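The residues making up each chain are set out below.
Protein chains: 4
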Amino acid sequence: MAGNTFGTLFTVTTFGESHGLALGAIVDGCPPGIPLTEADLQHDLDRRRPGQSRHTTQRREPDQVRILSGVFEGVTTGTPIGLLIENTDQRSKDYSQISEQFRPAHADYTYWHKYGRRDYRGGGRSSARETAMRVAAGAVAKKVLAAKGIQVRGYMSQLGPIELPFVGWEHVEQNAFFCADPSKVEALETYMDELRRAQDSIGAIITIVAEGVPPGLGEPIFDRLDAELAHGLMSINAVKGVEIGAGFASVTQRGSEHRDEMTPEGFLSNNAGGILGGISSGQPIVARLALKPTSSITTPGRSIDIQGEPIELVTKGRHDPCVGIRATPIAEAMMALTLVDHLMRHRGQCGDVHVDTPVLPQL
Amino acid sequence: MAGNTFGTLFTVTTFGESHGLALGAIVDGCPPGIPLTEADLQHDLDRRRPGQSRHTTQRREPDQVRILSGVFEGVTTGTPIGLLIENTDQRSKDYSQISEQFRPAHADYTYWHKYGRRDYRGGGRSSARETAMRVAAGAVAKKVLAAKGIQVRGYMSQLGPIELPFVGWEHVEQNAFFCADPSKVEALETYMDELRRAQDSIGAIITIVAEGVPPGLGEPIFDRLDAELAHGLMSINAVKGVEIGAGFASVTQRGSEHRDEMTPEGFLSNNAGGILGGISSGQPIVARLALKPTSSITTPGRSIDIQGEPIELVTKGRHDPCVGIRATPIAEAMMALTLVDHLMRHRGQCGDVHVDTPVLPQL
Amino acid sequence: MAGNTFGTLFTVTTFGESHGLALGAIVDGCPPGIPLTEADLQHDLDRRRPGQSRHTTQRREPDQVRILSGVFEGVTTGTPIGLLIENTDQRSKDYSQISEQFRPAHADYTYWHKYGRRDYRGGGRSSARETAMRVAAGAVAKKVLAAKGIQVRGYMSQLGPIELPFVGWEHVEQNAFFCADPSKVEALETYMDELRRAQDSIGAIITIVAEGVPPGLGEPIFDRLDAELAHGLMSINAVKGVEIGAGFASVTQRGSEHRDEMTPEGFLSNNAGGILGGISSGQPIVARLALKPTSSITTPGRSIDIQGEPIELVTKGRHDPCVGIRATPIAEAMMALTLVDHLMRHRGQCGDVHVDTPVLPQL
Amino acid sequence: MAGNTFGTLFTVTTFGESHGLALGAIVDGCPPGIPLTEADLQHDLDRRRPGQSRHTTQRREPDQVRILSGVFEGVTTGTPIGLLIENTDQRSKDYSQISEQFRPAHADYTYWHKYGRRDYRGGGRSSARETAMRVAAGAVAKKVLAAKGIQVRGYMSQLGPIELPFVGWEHVEQNAFFCADPSKVEALETYMDELRRAQDSIGAIITIVAEGVPPGLGEPIFDRLDAELAHGLMSINAVKGVEIGAGFASVTQRGSEHRDEMTPEGFLSNNAGGILGGISSGQPIVARLALKPTSSITTPGRSIDIQGEPIELVTKGRHDPCVGIRATPIAEAMMALTLVDHLMRHRGQCGDVHVDTPVLPQL
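Protein chains in written order, with my numbering: chain A, 1 to 363; chain B, 1 to 363; chain C, 1 to 363; chain D, 1 to 363.
Just so you know, these hints were derived from the structure itself, not from any lab. These numbers come from a predicted model, not from an experiment. The beta carbon of each residue, even a glycine, is placed where N, CA and C say it ideally should be. Treat the hints with care, as some may be off.
Pairwise CB distance ranges, derived in the manner of DEER restraints [as the list claims (entries may be wrong)]:
| id | chain 1 | residue 1 | chain 2 | residue 2 | range |
| --- | --- | --- | --- | --- | --- |
| 1 | B | 316 | A | 268 | 19 to 29 Å |
| 2 | D | 194 | B | 148 | 54 to 64 Å |
| 3 | B | 212 | D | 99 | 29 to 39 Å |
| 4 | A | 37 | C | 73 | 33 to 43 Å |
| 5 | D | 147 | B | 170 | 33 to 43 Å |
| 6 | D | 266 | B | 75 | 52 to 62 Å |
| 7 | C | 265 | B | 148 | 37 to 47 Å |
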């Protein structure tokens, strides 16, 4: 495929530039019979939407999505679902000066080398605005998963130096950071205000959890569930690292400590993050992703222009000082898309249901 | 695809169980005109082969690979390359007792749920022995990359708690650990000896570097070079985490620190790990992968059998106390396969060569 | 993939029901630097559009296409091209009565079995209206091919019993039938008028020719150029047969007659239809496709309803008595899409250009 | 993919040159639990094998296939099935003279242009010998289909000018031609003897029928069951045309005649060939393929060499005067592979079983 499609049997293909006419997606392979409305998609789009708090870019897009096909009388028909968001707030003039400049740590220089040209307005196709369509498609995936009893949720587990422990899901939607510990929110507010004054940006870690995944999901060897999850999560703008379960911490664990022992009552731990040999174990699937600090800051930086001449460059426009803040719904979407695709492929793979295998309860 | 194929235009498809008759692979899409002999493949296979030191499993397989097609008069013809390694040292009787048991932290339980049956001898398809074919295919990929001036190399950068700084490539092949710092080898030997006595295992981190990659390689959005690299690396047995460039460390970096500034003389740093917006920047591509401690240890552990009854289980057989020790050639192979595939797709994608863009030198 | 995508590196994915809100497509993998406007697409859309003569359905859709992305300052950027046609003339009430009936020789019965439900308005997704998006995407492909000196054109070579010899390309666009022999047009008009009075329909053969294709295009074995061409052409609604070059007529040819001898001045014949061993020979590529008579006729027919009860059914609504009449632009589109995809893959496949091989001129 | 893989979820990837060391295949995505032995594959390989009668090439290969993986204790495990046939009768010296010559109507000229080199021994990769692996993989597919009550069979329906009506399946394996009418066998023998004396070759038509296919199989739009069937069948060496059901004959049919009316007792005809809108109807699936006369004849022909100089060329070696004679098992294999792949994808696609839809009996 040519790069803008994700999935094998449940696929999403997207288009759209930051300052073009519209963003769109085609979700193909959705099973028939799933109730689906535009409100289902709008919920997650609103969670991702900028301008919700003073800690994200002040670009204001209603991000109103339309379902153009694939749904009839309120339920999916099995035919491709066309999605469209028209762009409304495109202040292109903010960007005209950088048309011949490469912003450091942006895709400007690499797109130029790949394509020999680029839509420079707001980052064009490389803008994080592209992820709106992932969120919309992910919301479709979540509906399919919900019909199978699978739920995908995420929260911010670190912002810069501030670690954010998991206290409870009920707190996550109560603050602008997707923070699961209400006692940390004030520290986050303070940190972000200081950061804005310093005209700088910071990274973050998001944790995504899928519960209710049955054991047996995933293709071994190259298309392992964890490998495709890493693929999907690493494809999100600004992500520089992905780990499953104990992840990098497993390096210093001993085998006797790391291995998740099994009893008839269930697994005794979940260092594996719910995946063994690339296949789900029935435990919650846990992934963490590291997002770098955005490079769109107003502190001047050295760069070159398309003639190779040195320049000093300040990124203007409206930007997020921590792209991680809005990343939770995007990461949820990529995990949901990965899982639903494996759910579709799993049913294709298995010849018959094996009834006698015990499924361990979750402790 | 059904899970055992990697790549889009340059593909490798593998087969083979640990204790079956043979392992094999088909490398498809290799360009014509590349000189290729069995010795080219054998070199990397020997680097991965067990039994090379007392720190790896004592299974002794010559791992002699045969090229069955796709090469004529010493060079590739563009047709698929068939590769075969016949298994010779299959002590299946070591494994018969576990045919109805699920070893903790192995794929036994998940394969059983997926397929309803499994070849239990030595882990069957889920054995790390499968990776021999990745290494053979990766060696083909390395030959193609070499023809384009691209070199992929790796080293162990951490074993359990022992961090292993990079001193020089010339040291890597001088010890059993792929360690780039000769002063650390003795400490590694001591640590491993102690570990064996403790009948336990430990994790490791491998760093892989590709040099000579031109700018402009990679497909944006879902098939980013870093996303497919993460896919390939996470698909290796025991890998629980992947990071590119600064990776998880970028979380606590500020944007002003993380961004790699550009001058006419080159980039001033490489926090990006050579990839911006999913496309190569011309800088060295740097990835790190975390391997968990193997679960095949002789310390007893709790588990269940296929009837769901509790058991206590000791993994017998011959196993690596640190699977990371032999992982460097495998990780190199997956990076080489990812890069060569993108090289093939890149040429397909680009309409014309853009001659005027300055390519920054590497500092 | 899930069925609504065509191509490997140059892909088109479509959505849209006959009486839904819109039809759309994403063309991915288009090389950068190709001049492209909506008028380029509109030209072929108008050739396919119904209501152009009294011999096609009187449904009147302007079929106005919008390019929503992937084009910047008049040329393609290499990013996905979003295309949209909003539906305007949807007389859904024509179809409400058949919501629980299976029209004979339509996809009603099979969609029902596959999906358990269907958008019955105007055939929903199985309507020939879907092909509008193929034509739009094919027009993009034609622009890329034109930049390489490749031209794809077609004509009707048989309508029911009336064979239509090729006289000259200049005649094809001068009549409503895409007939290359002006002397036959009157006979076609008479035949079609009689057919409409008989309330019946008829089949047709379309011939498609690609000129300027360089030798060496195509992947051997399964992804042969002819195999993928057959795939693309057979995927068009109502097509029941595809042949390349001499096609079925080659069955009664002797080898000494069929083989196209080669001289330094060129091939002496083209029974192969420009493809040998699945790879282009540099001769014109010639394919023919057989279209069945449409089943949407006003002559009553026996069928069943969704309860399995027998019914007698008359297809109302506005339909083409010969779907072959509008099929030429659709078949051109599928050939153009197949060729441009192979052009992209070919460049990916080949390591280096082989300069010394003589390319035979076309006689 | 790179050309040597067929299928989406049930895939076969092949390698091997006519005069190389071996032919091989990997069948991936086979469901677990299917009983499978080498004898299952050998049966169809023997039906395809040359040297069975005086009407085929006298090359004598035992074509002994080995299963190297994916089967444990007599049944498939769900892991990839490695297949291998070692070449034994490679008389390469027959071919050395043509190393710098392009045989007319062979792939020599086109492979040269694509790859810039070729294994000229016996046609190398473009030899019909490659199809042995399709037959072996197809035999696996047939076993899976048989478990679902689906049977794929074929027969020769025309040899040159001699039409061969279907009399009964029981006759097909009783003669060297796969002819279903015993009264025609003598005429075929006489025709072939005459043809050999004339040092010429002839084409043929094969008819393939799948019975027991449930309604609802196939992906609409581009991956229609008929489109992928056409893809698979057209990918067989020497095939120049494919038709489904009434095929090209439907061109002169009227809609009132062509449409297959439905009654509670079943369809009243099968002009559709068992496929409507790209999805199976539950009727037998019927396809016909036209094979050209082989170009490997001993009658001299004009051609050029790799310098572009004119030559006169006689194809020596051992060749089939009618490649259609051995094509029936190959065509069966491609239909079986197409169907089993759609069977796997179908299960992935469908969310739930729709129980109430009446399935029409076959009349």
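Here's how the hints hold up against the structure:
{"no.": "1", "hint": "B:316 <-> A:268: 19 to 29 Å", "in the structure": "holds (22 Å)"}
{"no.": "2", "hint": "D:194 <-> B:148: 54 to 64 Å", "in the structure": "holds (57 Å)"}
{"no.": "3", "hint": "B:212 <-> D:99: 29 to 39 Å", "in the structure": "holds (36 Å)"}
{"no.": "4", "hint": "A:37 <-> C:73: 33 to 43 Å", "in the structure": "holds (38 Å)"}
{"no.": "5", "hint": "D:147 <-> B:170: 33 to 43 Å", "in the structure": "violated (58 Å)"}
{"no.": "6", "hint": "D:266 <-> B:75: 52 to 62 Å", "in the structure": "holds (59 Å)"}
{"no.": "7", "hint": "C:265 <-> B:148: 37 to 47 Å", "in the structure": "holds (39 Å)"}
Violation of the numbered hints given earlier is confined to hint 5; every other hint is satisfied by the structure.
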